[in-house]
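Enquirer: Below, each chain spelled out in residue letters.
Number of protein chains: 2
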Amino acid sequence: MNIKARALAGAMMAAGTVVIAGYAVGQTQEPITPIQPPKQINLGMSELGKKLFFDPRLSKSGFISCNSCHNLSMGGSDNLQTSIGDKWQQGPINSPTVLNSSLNLAQFWDGRAADLKEQAGGPIANPGEMAFSHTLAVDLLGSIPAYQREFKQVFGKDKVDIDQVTLAIAEFEKTLVTPNARFDQWLLGKQDALSKDELDGYKLFKESGCVGCHNGEAVGGNSFQKMGLVEPYKGNEKAEGRSAVTGKDADRFNYKVPTLRNVELTYPYFHDGAANTLTEAVDVMGRIQLGKKFTQDENAKIVAFLKTLTGDQPSFQLPILPPSADNTPRPTPFK
Amino acid sequence: MNIKARALAGAMMAAGTVVIAGYAVGQTQEPITPIQPPKQINLGMSELGKKLFFDPRLSKSGFISCNSCHNLSMGGSDNLQTSIGDKWQQGPINSPTVLNSSLNLAQFWDGRAADLKEQAGGPIANPGEMAFSHTLAVDLLGSIPAYQREFKQVFGKDKVDIDQVTLAIAEFEKTLVTPNARFDQWLLGKQDALSKDELDGYKLFKESGCVGCHNGEAVGGNSFQKMGLVEPYKGNEKAEGRSAVTGKDADRFNYKVPTLRNVELTYPYFHDGAANTLTEAVDVMGRIQLGKKFTQDENAKIVAFLKTLTGDQPSFQLPILPPSADNTPRPTPFK
Ligand code: HEC
Ligand code: HEC
Ligand code: HEC
Ligand code: HEC
Ligand SMILES: [Ca+2]
Ligand SMILES: [Ca+2]
Ligand SMILES: [Ca+2]
Ligand SMILES: [Mg+2]
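Protein chains in written order, with my numbering: chain A, 1 to 335; chain B, 336 to 670.
Among the clues, some could well be false.
To be verified - The following residues of chain A were derived to be distant from chain B, with all beta-carbon distances above 10 Å:
#1 Pro-34
#2 Gln-36
#3 Leu-105
#4 Ala-239
#5 Leu-265
#6 Ala-304
#7 Ile-320
Claimed, not checked - Computed spacing ranges between beta-carbons, pair by pair:
#8 B:Asp-661 - A:Asn-327: 43 to 53 Å
#9 A:Asp-192 - B:Ala-660: 20 to 30 Å
#10 A:Pro-38 - B:Ala-449: 42 to 52 Å
#11 A:Gln-317 - B:Pro-462: 57 to 67 Å
Rather than coming from a laboratory, the hints here were simulated on the basis of the structure.
C-beta: ideal position from N, C-alpha, C; glycine also.
Please model the complete structure; the sequences and the hints are all you need to start from.
Expert: Okay, structure coming up:
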């Protein structure tokens, strides 16, 4: 076994799966498991978090909300190569979907945030994203009577603080799971939920070794892996991946394996958004992660399978935000 | 009668109303009438229009949708002094609400668009707003299979065109009326829907002459009037108003009287967004339109009345947009 093949086998074991030949083994033994509906949601908290997720007043400009870059009408991302932040700044990296992000082992491409609560504080104060500050955000929310009341009702405290803000947003994000994909229907026994081509695609996905990294409930999200295992990745950027967090050279170009749930909706692909289509992303993955060149027909079948991973999208009423009060600080988009 | 008073009386007659003393005259004779629910909506068309209203792919950047500047979570405007357009360009004028805009005699502050259909073509191609073009928009939508099918279903034609796009958006906008405000409940006979202060405010609003211009179903939107009738308006911008459309000097500084429906939500106020609060807007109106200085108490009562004009906000599921296809042109935010 050469180093690359060993690394790959290691990746597969780390993820706790084995490559299963064919799909005749029975749906209960599959390396991918159905998405579970969200459990134990504090409804009051998540309703508050939903408003915050849509509220552009959490940005300096009053123009950018979480939903600007994680648009829940579009699969929870922005479908841009890299994001647009405050003052139209070009972001450094592709915006990952917030759908099913509660299933991730950590947040961000390099996993630098442990969980959704820790993550949610980031963008508000990031000068390249919402360009606000936690103090300003908390003061702003506290000045809006209806928010003030809702925070008090949910958290039982007189004063809004940033912990409550990030807790509420994280609670809302926990609801953003997407059950009922056709693939899950098949896993749960509906034999005719998938076409022959889609099943062939799944077989290829397993036999080729994709499931070594993309497996479990989120079909990814549960390990960090090297981008360019067999052949170096030639992306157009300077990010170095997980090593920026761990300081270890071995983690260079390691990224969190993205979920492939709803991947049909989250183009463009990879941390640098360099692949416009699934066809391209599958081709790149085959070559640089597995040393495999898929035929056009094989590629199309894998893509067909990946599109069966689109689940029920978030389904709720557009939130209505409480108006600012006379003393609520006004946004300053042009300063 | 001096010239200014004559102009005001003219304005009142043009709007077809008289100033009624007090509110004891009975709710059926009021100069403000309740908002009617939308009628004769083509549901298929308006559902399609809703998607288009939320779709940032109608902009060059892929980042700005109608809902960016007419946020239906925030009263149908952006709550900015002037809007942020493509590449963070600072817009020239305050974004008016799209709520109840179907009731306007014409669209835009200067009325340069006859109706919602005519209006909807504007922002897509406006270099300072969405910076796209009608041809690009139509090509883009036509490349998205689910849109292609939906357009065909609604309009019965094989090819998407810009007329269908603006018709659908306008049909959706017709649904954006806001019935059931507390003031309307009172108009319809619910005597205790308003507090004593709110009723006093309404009495002042009528007796002072505000209803001369702000009347009817939308409490405005049905005439052009001079901004600065009694005393010149000292705004911080260069717009000249309706004369830009008619070429007539007499129309200089004439603007469409804005609806006061949901005015609690559509701060900041005036075409230049110069007034941050209702207190300030009411004070300015009193002085420069009527030559009246309200006491703090009077002002507060009028503001209390204005807040009773907030109606039921749009209530629908967040629309889910169909994904782009491999050949759908990608956005170019940084070019
Ligand atoms: C200006 C664009 C922008 C805004 C605004 C924004 N995000 Fe993000 N978000 C990103 C980008 C880009 C990343 C990836 C950053 C990285 O991995 O280094 C990200 C990462 C995330 C992740 C991690 C997902 C994963 O799989 O690792 C979550 C969760 C998230 N954002 C939620 C939010 C929330 C909540 C808000 C609002 C409080 C928000 N974002 C605001 C662009 C944005
Ligand atoms: C050794 C681990 C590993 C293997 C094997 C692997 N992947 Fe990946 N996959 C990753 C990592 C890591 C990324 C993120 C890389 C980046 O963005 O730089 C990724 C990204 C992707 C993406 C883009 C997702 C997005 O939202 O950007 C797709 C699609 C994908 N993989 C499909 C596949 C397919 C199909 C196979 C098999 C042919 C495969 N992967 C094999 C680790 C792996
Ligand atoms: C970049 C900000 C921006 C975007 C995007 C935008 N608008 Fe506007 N909208 C404005 C501004 C500013 C005005 C006022 C312009 C004027 O009166 O000269 C306006 C005016 C309007 C009006 C007239 C309302 C009235 O009372 O006169 C309607 C209706 C409207 N927009 C609908 C739309 C639709 C539909 C879209 C998308 C196709 C859209 N807008 C996109 C900022 C925007
Ligand atoms: C002679 C006509 C006229 C009279 C009388 C009048 N208004 Fe206005 N009102 C206007 C016009 C025109 C505008 C828009 C001016 C602009 O934006 O430049 C306006 C704007 C407003 C606004 C801001 C709305 C917005 O969304 O920006 C408020 C609030 C308002 N008026 C309240 C009142 C009150 C209260 C009175 C009585 C004290 C009153 N108006 C009297 C014509 C009038
Ligand atoms: Ca992506
Ligand atoms: Ca416009
Ligand atoms: Ca306004
Ligand atoms: Mg972020």
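Enquirer: Test the statement that Leu-265 (chain A) is away from the interface with chain B: the closest C-beta pair must be farther apart than 10 Å.
Expert: violated, 5 Å
Enquirer: Using the Cβ atoms, figure out if Asp-192 (chain A) sits within 20 to 30 Å of Ala-660 (chain B).
Expert: Between Asp-192 (chain A) and Ala-660 (chain B), where Cβ atoms are some 26 Å apart, the hint holds.
Enquirer: Is the Cβ of Ala-239 (chain A) farther than 10 Å from every Cβ of chain B?
Expert: holds, 18 Å
Enquirer: Are all C-beta atoms of chain B more than 10 Å from that of Leu-105 (chain A)?
Expert: holds, 27 Å
Enquirer: Do Gln-317 (chain A) and Pro-462 (chain B) keep their Cβ atoms within the hinted range of 57 to 67 Å?
Expert: Distance hint for Gln-317 (chain A), Pro-462 (chain B) is violated at roughly 34 Å.
Enquirer: Could one say that the CB atoms of Asp-661 (chain B) and Asn-327 (chain A) fall in the range 43 to 53 Å?
Expert: Taking Cβ atoms as reference, Asp-661 (chain B) and Asn-327 (chain A) lie about 51 Å apart, which means the hint holds.
Enquirer: Please settle this one: Gln-36 (chain A) was flagged as non-interface, so is its CB more than 10 Å from every CB on chain B?
Expert: holds, 21 Å
Enquirer: Is the claim that Ile-320 (chain A) lies outside the interface with chain B correct, judged by CB distances over 10 Å?
Expert: Non-interface label on Ile-320 (chain A) violated, nearest chain B Cβ at 5 Å vs cutoff 10 Å.
Enquirer: Beyond 10 Å on every Cβ pair: is that true for Pro-34 (chain A) relative to chain B?
Expert: holds, 21 Å
Enquirer: Holds or violated: the 42 to 52 Å window for the beta-carbon distance between Pro-38 (chain A) and Ala-449 (chain B)?
Expert: holds, 48 Å
Enquirer: Hey, does Ala-304 (chain A) actually stay past 10 Å from chain B on C-beta?
Expert: Holds: least Cβ distance 13 Å, greater than 10 Å.
Violation of the numbered hints given earlier is confined to hints 5, 7 and 11; the remaining hints are satisfied by the structure.
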